[in-house]
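J.: Letter by letter, the chains look like this.
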Amino acid sequence: MKGKCYIQGAAAITPQHTFEGDLLSSPLVSGAGNMLSIVEPDYKAFIPANSLRRMTRLLKMGLTTALKAIQDSQLSTPGAIVTGTGKGSLQDTERFIKDIRQYEEKALNPTPFIQSTYNAVNGMIAVQQQVTTYNNTFVHRGFSFESALQDSLLLLAEGVSHTLTGAFDEISAEHFYIKSRIGHWKTATVNNAELYHHLSPGTISGEGASFFVLAAAPTVNSYACIAGLKMLYKPSPATLTAALSAFLAEQQLTVDDIDLVLSGRNGDSNFEHYYTHMDASWPSVPQLPFKHLCGEYETAGAFALWLGAHIIRAQQVPQQWYPFQHSFPGRINRILLYNHFFGDQHVFILLEHAVIPGA
Amino acid sequence: MEELKKKLKVQIIEALNLQDTKPEDIDDNAPLFGEGLGLDSIDSLELMVLLERHYQIKVEDPREGRKILQSVQSMAEFIQSKQPA
Chain A
1 MKGKCYIQGA
11 AAITPQHTFE
21 GDLLSSPLVS
31 GAGNMLSIVE
41 PDYKAFIPAN
51 SLRRMTRLLK
61 MGLTTALKAI
71 QDSQLSTPGA
81 IVTGTGKGSL
91 QDTERFIKDI
101 RQYEEKALNP
111 TPFIQSTYNA
121 VNGMIAVQQQ
131 VTTYNNTFVH
141 RGFSFESALQ
151 DSLLLLAEGV
161 SHTLTGAFDE
171 ISAEHFYIKS
181 RIGHWKTATV
191 NNAELYHHLS
201 PGTISGEGAS
211 FFVLAAAPTV
221 NSYACIAGLK
231 MLYKPSPATL
241 TAALSAFLAE
251 QQLTVDDIDL
261 VLSGRNGDSN
271 FEHYYTHMDA
281 SWPSVPQLPF
291 KHLCGEYETA
301 GAFALWLGAH
311 IIRAQQVPQQ
321 WYPFQHSFPG
331 RINRILLYNH
341 FFGDQHVFIL
351 LEHAVIPGA
Chain B
1 MEELKKKLKV
11 QIIEALNLQD
21 TKPEDIDDNA
31 PLFGEGLGLD
41 SIDSLELMVL
51 LERHYQIKVE
61 DPREGRKILQ
71 SVQSMAEFIQ
81 SKQPA
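For the protein sequence lines, the chains are A and B, in the order given. Quick note on full-length UniProt numbering: the first sequence kicks off at 1 and runs consecutively. Quick note on full-length UniProt numbering: the second sequence kicks off at 1 and runs consecutively.
Chain A on its own, in the form it takes in the complex:
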């Protein structure tokens, strides 16, 4: 169906133990300060040592997550690779810029330059998987992943069998410092498990890679159905409320049909008013935040989608990740994701339990 797709495979490398093990029993990783870093898996199981030696962090995590998602889907090579990233490989960009300065624009090493380009991860996936079809990377700040998702929905509607769709972003000490100068992060050190108790200017930073194999039709292995996507740039609170009603009406739904809201709330008092305003739109719907798990970054919405898909498939919330929450919804067939990136890019995604026609 046009505008819908099914998650057939998923993988994520995040500051939590999301890559391996059981989601429902992995302990909450917390207390690492205001810059959350990914839990790195053993990349050697996915990438040959000779290729690994040249790759920086983001490339390793992006490629490995993509390969795991394909493996998880049990499908053949995808018909398209579509990704989003807010910053690309920071480590390579920083190295390249430092080299320019240190060597006075002479004798520059080609590798950091090649790998600093935003589409380097896509290129590596394509080479590894021998995919010579559609390949695109979107770089639109807080809409990066969602643009990739939108593009994937269009490709699936045009007849592509399945797409590899994902997002990746990293944080570095230097980038953290630069963004701290414009007030992105909290000045006091905050334990991520207690993020929402510290409503003050700024939030905590994060990083991660999340990949999905998306298909136009469901199977018994589908995690969930992505039933709708809406992006709004710098909306007023009133526009947001109206857009939500219209978004749900398109699906013949109201907020009463939503079992759970996954919200991008992040303890930042500068932008909390959007979440407070939207709380009034879903007063009786259970709500869970996710930024204490992954931190704030441009493509954190991809992690929320990964989390939502797992919750729908398991029909259970990983409760150990929510020590501050006392009750959890029982039946979870429909999840609404609402996230925004520093007040500019706002996103609604509707996730539903995948129903196989005639089953």
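Don't take each hint at face value.
[Claimed, not checked] Okay, derived cross-link-like pairs now, SDA-like style, lysine to any residue, Cα gap no bigger than 20 angstroms in a straight line:
| # | chain 1 | residue 1 | chain 2 | residue 2 |
| --- | --- | --- | --- | --- |
| 1 | A | K98 | B | N17 |
| 2 | A | K106 | B | L45 |
| 3 | A | K44 | B | L16 |
| 4 | A | K44 | B | Q19 |
| 5 | A | K44 | A | A126 |
[What the hints assert, rightly or not] The following label-pair restraints were derived from C-beta to C-beta distances:
| # | chain 1 | residue 1 | chain 2 | residue 2 | range |
| --- | --- | --- | --- | --- | --- |
| 6 | B | M1 | A | P27 | 52 to 60 angstroms |
| 7 | B | P31 | A | K44 | 24 to 32 angstroms |
| 8 | B | Q80 | A | S161 | 57 to 65 angstroms |
| 9 | B | D40 | A | A249 | 53 to 61 angstroms |
| 10 | B | Q83 | A | Y177 | 36 to 44 angstroms |
| 11 | A | K106 | B | M1 | 24 to 32 angstroms |
| 12 | A | G31 | B | G34 | 44 to 52 angstroms |
[Said to hold, decoys possible] Here are some of the chain B residues that sit facing chain A, going by a computed Cβ distance under 7 angstroms:
| # | residue |
| --- | --- |
| 13 | N17 |
| 14 | V49 |
| 15 | R53 |
Just so you know, these hints were derived from the structure itself, not from any lab. Yeah, the Cβ is synthetic: ideal placement off N, Cα and C, and Gly gets one too.
Given the structure of chain A, go ahead and fit chain B onto it with the hints provided.
T.: Chain B only, in chain A's frame:
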């Protein structure tokens, strides 16, 4: 010459991030590309940069580069030939 080759091996390992390789694992005359260390075309660019950064030698002709980068021995001989007597 022996000192130069030793130094060159350390620099190659560092520049190409050959994590599991030690200087003594690299044979002076073993081919750097294909068999031997199994390096590729991007590595050859990195080695050109190494020559420029550490020895201030710029290789302009790619055909010349092919001969120079054959082995540690050929690289060392080339560097020595470019150094003032």
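J.: Taking 53 to 61 angstroms as the hint, is the beta-carbon distance of B:D40 and A:A249 inside that range?
T.: Cβ of B:D40 to Cβ of A:A249: about 56 angstroms, so the range 53 to 61 angstroms holds.
J.: Measure nothing beyond the straight line between the CA atoms of A:K44 and B:Q19; if it is 20 angstroms or shorter, mark the hint as holding.
T.: Holds. A:K44 to B:Q19 sits at ~13 angstroms (cutoff 20 angstroms).
J.: Are the Cα atoms of A:K44 and A:A126 separated by 20 angstroms or less?
T.: holds, 18 angstroms
J.: Take the C-beta atom of B:Q83 and the C-beta atom of A:Y177, compute their distance, and say whether it sits inside 36 to 44 angstroms.
T.: Because 42 angstroms falls inside the window, the suggested range holds.
J.: In this structure, is the beta-carbon distance linking A:K106 and B:M1 contained in 24 to 32 angstroms?
T.: Roughly 28 angstroms apart at Cβ, these two residues keep to the hinted range, so it holds.
J.: Do the numbers back the hint for B:R53, that is, is its least Cβ distance to chain A under 7 angstroms?
T.: holds, 5 angstroms
J.: Given the hint of 57 to 65 angstroms, is the C-beta distance from B:Q80 to A:S161 inside that range or not?
T.: Holds, at about 59 angstroms.
J.: A:K106 and B:L45: Cα distance at most 20 angstroms?
T.: Judged against 20 angstroms, a Cα distance of about 13 angstroms means the pair holds.
J.: Note whether the CB distance of B:P31 and A:K44 lies within 24 to 32 angstroms or breaks it.
T.: holds, 25 angstroms
J.: Is the distance from the Cβ of B:M1 to the Cβ of A:P27 consistent with 52 to 60 angstroms?
T.: holds, 57 angstroms
J.: If I claimed the Cβ atoms of A:G31 and B:G34 lie 44 to 52 angstroms apart, would that claim hold in this structure?
T.: holds, 49 angstroms
J.: A:K44 and B:L16: Cα distance at most 20 angstroms?
T.: Within the cut-off at roughly 17 angstroms; holds.
Of the hints listed earlier, there is not a single one the structure fails to meet.
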